[in-house]
Every structure is written in C-alpha cells, then in structure tokens.
Amino acid sequence: MALPKKHTNVLIVGAGPTGLMLACQLATRGISFRIIDRNAGPSDKSKAIVVQARTLEILEQMGIVAEALEAGHAATGLNFIVKGRWVQNINLQGIGEGQSPYPYMCILEQSKTEQLLLQYLEQYHIAVEWNTTLHHLKQTEKQIKALLHFKDTNQEEITCDWLVGADGASSRVRHLLDVDFIGGTYEHTFLVADTQVDWDFNHDEMFVCLANKTLAAFFPMAGHKRFRVVSFLPPHLQYRDDLTFDRIAPSLQKQLGFKVRFSNTNWFSTYKLHHRYAKQFYEGRCFIAGDAAHIHSPAGGQGMNTGLQDAYNLAWKLALVINGTAPPDLLHSYQTERLPVARTLVSTTDRVFSLMVSKNFVISFLRLKLLPTLISKLTRPNYMRAEIFRRVSQIGIRYRKSKLSVTPTDGKHFPEEAPRPGDRVPFIQVFSSDYDKLVSIYSLLRNSYFTLIIFKSSFGTDRAEQLQEELETALQDYLPNLIKCHILYPHDQNHGVYGLFGIVEDAFYLIRPDNYIAFRSQPADTQSLLNYLTDILQLQPLPPNVNEPDVNVPPFTAE
1 MALPKKHTNV
11 LIVGAGPTGL
21 MLACQLATRG
31 ISFRIIDRNA
41 GPSDKSKAIV
51 VQARTLEILE
61 QMGIVAEALE
71 AGHAATGLNF
81 IVKGRWVQNI
91 NLQGIGEGQS
101 PYPYMCILEQ
111 SKTEQLLLQY
121 LEQYHIAVEW
131 NTTLHHLKQT
141 EKQIKALLHF
151 KDTNQEEITC
161 DWLVGADGAS
171 SRVRHLLDVD
181 FIGGTYEHTF
191 LVADTQVDWD
201 FNHDEMFVCL
211 ANKTLAAFFP
221 MAGHKRFRVV
231 SFLPPHLQYR
241 DDLTFDRIAP
251 SLQKQLGFKV
261 RFSNTNWFST
271 YKLHHRYAKQ
281 FYEGRCFIAG
291 DAAHIHSPAG
301 GQGMNTGLQD
311 AYNLAWKLAL
321 VINGTAPPDL
331 LHSYQTERLP
341 VARTLVSTTD
351 RVFSLMVSKN
361 FVISFLRLKL
371 LPTLISKLTR
381 PNYMRAEIFR
391 RVSQIGIRYR
401 KSKLSVTPTD
411 GKHFPEEAPR
421 PGDRVPFIQV
431 FSSDYDKLVS
441 IYSLLRNSYF
451 TLIIFKSSFG
461 TDRAEQLQEE
471 LETALQDYLP
481 NLIKCHILYP
491 HDQNHGVYGL
501 FGIVEDAFYL
511 IRPDNYIAFR
521 SQPADTQSLL
531 NYLTDILQLQ
541 PLPPNVNEPD
551 VNVPPFTAE
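Everything in the sequence shown is counted per the UniProt record's numbering, starting at 1 for the first residue and increasing by one.
FYI, nobody ran anything at the bench for these hints, they're computed from the structure.
There could be a bad hint or two in this list.
Unchecked claim - Ranges between beta-carbon positions, derived for each pair: (1) Glu129 <-> Pro235: 22 to 30 Å; (2) Pro543 <-> Glu470: 20 to 28 Å; (3) Arg343 <-> Gly98: 37 to 45 Å; (4) Asp242 <-> Lys213: 21 to 29 Å.
As the list claims (entries may be wrong) - Below are the EDC-like pairs computed for lysine to aspartate or glutamate, each with C-alpha atoms no more than 20 Å apart in a straight line: (5) Lys138 <-> Glu157; (6) Lys6 <-> Glu157; (7) Lys272 <-> Glu187.
Ideal placement from N, C-alpha and C gives every residue a C-beta, glycine not left out.
My request is simple: use the sequences and hints to build the entire structure.
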C-alpha cells in the first residue's frame, strides 16, 4: 500500500455521497487528492433513498448508471391515506417522458449509491482514509496546512492546494472557517425506520398517510415488504432514552388509524430536522459542499442529489485551475451558481414542509380534506406533470446569471425558445455520424472538460470542418482534450434537434463538462469562441515542460 502524500492538490474531508462524487470526478481528470472520513468505514444505513433523474444522468456520464438502476427501482405511484382510508393514487409512470433518459425517481438507498462511487474509485486504486479527522487548518495565499488526527491518537500535518469540506451538517470545516449557517430547526422530533410492513395496501408504491395528529411517509425498499418509514415521534415518547421502534409502533399505528404491523426493523433513529444554508460556500482556498453547505427537510428527495451536483459543479473547475489552464477566479463561480440553488431549495422545502406539519386548524383541515385531490388534479395535465418533474428531478436548474453563461450580442439569431447558456443541455435523440445511428445527445458529452457541438446547416458547405480545424490549431498549446468537437449534419433524423436548438445556419453550442451550455454562436464564429475561452474563462496555454495530466474517462457504449 502506498504511503499517504504529505502534499496533495486537494484534501476532501468527508466520504459521504458528496465527498465521494468529488473524488470520482477528480480521479477521472487525473488530479491528486486525499479523502478522509471520521467514521470507521462506509455506512450500512440507507439514509437518503431517492436518486433523481439529473443524478442518473451524471452516473450515465460516469458509466455506472446501469449498476444504479439494477440496484434500485423506479417509483411508479404515490398514494394518499387519510385518517386510515385510502383516498387517492397519483400515477408517476412516465411523468418525465421525453425530458430525460430517466423519466422517474429511482428508489436507491444512499449506502448503495456510496458503494457504487467507492467501486468507481477502485479502478484508480484510490481508497478512503477512514478513522481520520481534520483537527485544524491554516490557510496562506498559496496553500493550506491541515492537521489530521487518526484513531490510534497519532497525528499528521499535511499541505494541500485546496480543501473541500463535505463532512455533513455538523461540518468541522465550516466551523473552522467560521461560516454562518443561516436558518433554524423545526420543533418536531422525527423518527425514521427501515422495517417490514404488513398491511392491506400494495408494497410497490409510495404512501403518504395523513391523520389528525400525525403524518407518515412510506417508501418501498428492496426486500420483501420492506419500507422506509418517516413520521413524527409521538409526544409522550419525546424524552425517552431507551426507545426502540417496537416501543413506538403501537402508538404510531393508533395515530394513523389503520391496521399495520411492523417487524424485522433493520435501522431506527430519531432526529431533529433543520432548514439552513451556509452564508458562503468558500473562504480562501477552502470550499464546503453537500450537507455542510445546506440542509433541509426531505420533501421531494432533494438533499443527497443537491450535494452530488455541488461536487459535480466544483470538480471540473478545480481540475482546470490545478492543471494551470484556468486562474483561481474560475472557482468563484461555484458559489455564484450553487448558493442560489441551495437558498431556493431550503426556502421551497421549508414552505412545503411547514404546510404539511402545521398545527393551524384551517391548514390542518385543508390538508386532510383537499390536499390529495388537489395534487391529483395538478398531476393530470401533461404540461403540469412535465413541470413538476422538471422541478423535482432537478433537470430544471439553470445558471443563466452566471458569468460563465454567455451569448454574443448578436444572439438574436437564436429563437427565444432555444436553449440558452446556463441551461442544462435538453435531452433529445440525435443521429451521430460517429455511431452511424440515433443516440442520446448525452452520449456525445463525454469529454472531461468541454464539448463543442457544431451544427452544419447543409451538406454542401465545409464551414463546420473549417471551424473544427481552426479551433484545434488555436488550442494546440492548451490542456489536451480541452475541447472535443462533434459535428452534427442535417440528416433526416436530425430535424428535431435542429429545431430544438434553433439552427438555421452553421452554428455551435459549447457544452461544459457538467452538461450545461456555456456559449453559443449562430452563425458559427471561431473568434467569438476564442474570445469566450480567453476573456470569460481566462484559459491559458500550459506552461512549457509541464507534464500533461493523465485524463482517463471510462469508455461509453452508445445505446
């Protein structure tokens, strides 16, 4: 086993989903790092259990989505039980059809998601340093000194260029940086249990159970009749220190008002819920991500997915800076893009959750009488189903106000409805000459850094090939594979993609490594693209005699 390095490019504190995703993304780009965690090993608790479509798209890019889908299952329906009586079923099948290759929520325990990421790291021969805590850090303009403590009471001082705290809600990194955690704590105490459920309802769909004095959510899990159960802890049991789920189950059943039997409980815990976000996501050379940066109610299954996308956003920017291709200022865009997402998410989930738990008589009455019917009506029209999916699945997150999202002043050449810089690349099938068949547009976006999709307006011109040649010549002194070009031709099967992207003449879209549009030009103009790269991203040629990083993206098989 190789000895730990006294200096590393990045120190990742925390090996939950966020820290592991960051590690995977850095490993893919050949960046050196160490990842530590205070726990003895990976958690075997299910914790978060919803993987959204946007996260599945990331896992597809990494080449591991098939394993995730095999380990999990799609949520097909949402049922409402009010005062012990089933009243409504919301059909979730195909709710996101046409918006993502994964038009559903995937039920997959966090422990299994973490295992997939750990296995991904193994191909790079990288292991988490368990039983290791960050005791102290000190920053200078050029590096960070970090003091690590180990379980055997030994300690080690290392240096790193950058540090990322992905160490959870009680983040040591956030405390050491003295970053405010804005928000509050809900008054209720909650319980969570992974248990076997016997009742008269099905065992394949989600259930929300509403009653006068409580509510409970049931999420189907792998295994015979197994569910994740989340509910209020009954008030008379609030201060017991000998609680087990078996002690609570009779009270919960009585409050819910229907016959249900719980058995073979694998995991049980009680906890307080918070709604908070960090005032800032970085301080000097240190960053925070995931639960260290934002925590909120589990409404909508957003928490883990948001943390994974924090890491996904930050990793490629860190890699460009560490490789010497971009200045450190690029990293400021991590906060300007992700902090508004966290702020909005905390606010939205807080409003929804507060309505669900409110003790106000009027709100409680409306919740019991009208909520299931209202949700049912909202999810019937296709346009409403599409909008709900867009919001919940996180495919609708945009960075249009980011300094990295630019349309030239002559952007009027694109129709108003065409995707804009700052938008996620919309899902559509394209005919690729590379594969000689229709494939998902995401199959073209596999580069570690940027992808330039060049739209050729007709077969009779060579402007697209000329643009590719000019770009490759101009970037020959930059990071290898900085931009990979794909030319799309006006094939009969590409009418849809040309219409969607508003193409009427030779044009291009520059796609970031996180599948967001960075820049577009119509007509295609090499100089405007180079100006974007040098003026906005401030990309720089590699210094002479610098070893090129070993960039290794796992192979993709077009489907």
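To see whether the hints hold, each was checked on the structure:
Between Glu129 and Pro235 the beta carbon distance is about 43 Å. The supplied range of 22 to 30 Å is therefore violated. At roughly 24 Å, the beta carbons of Pro543 and Glu470 sit within the given window of 20 to 28 Å. Between Arg343 and Gly98, the C-beta spacing of about 30 Å breaks the proposed range 37 to 45 Å. For Asp242 and Lys213, the hinted distance range of 21 to 29 Å is satisfied, since their beta carbons lie about 23 Å from each other.
For a cut-off of 20 Å, the pair hint linking Lys138 to Glu157 stands: about 11 Å separates their Cα positions. Among the hinted pairs, Lys6 with Glu157 is consistent with the structure: their alpha-carbon atoms are about 7 Å apart, no more than 20 Å. Taken as a hint, the Lys272 and Glu187 pair is honoured in the structure, with Cα atoms around 8 Å apart against an allowance of 20 Å.
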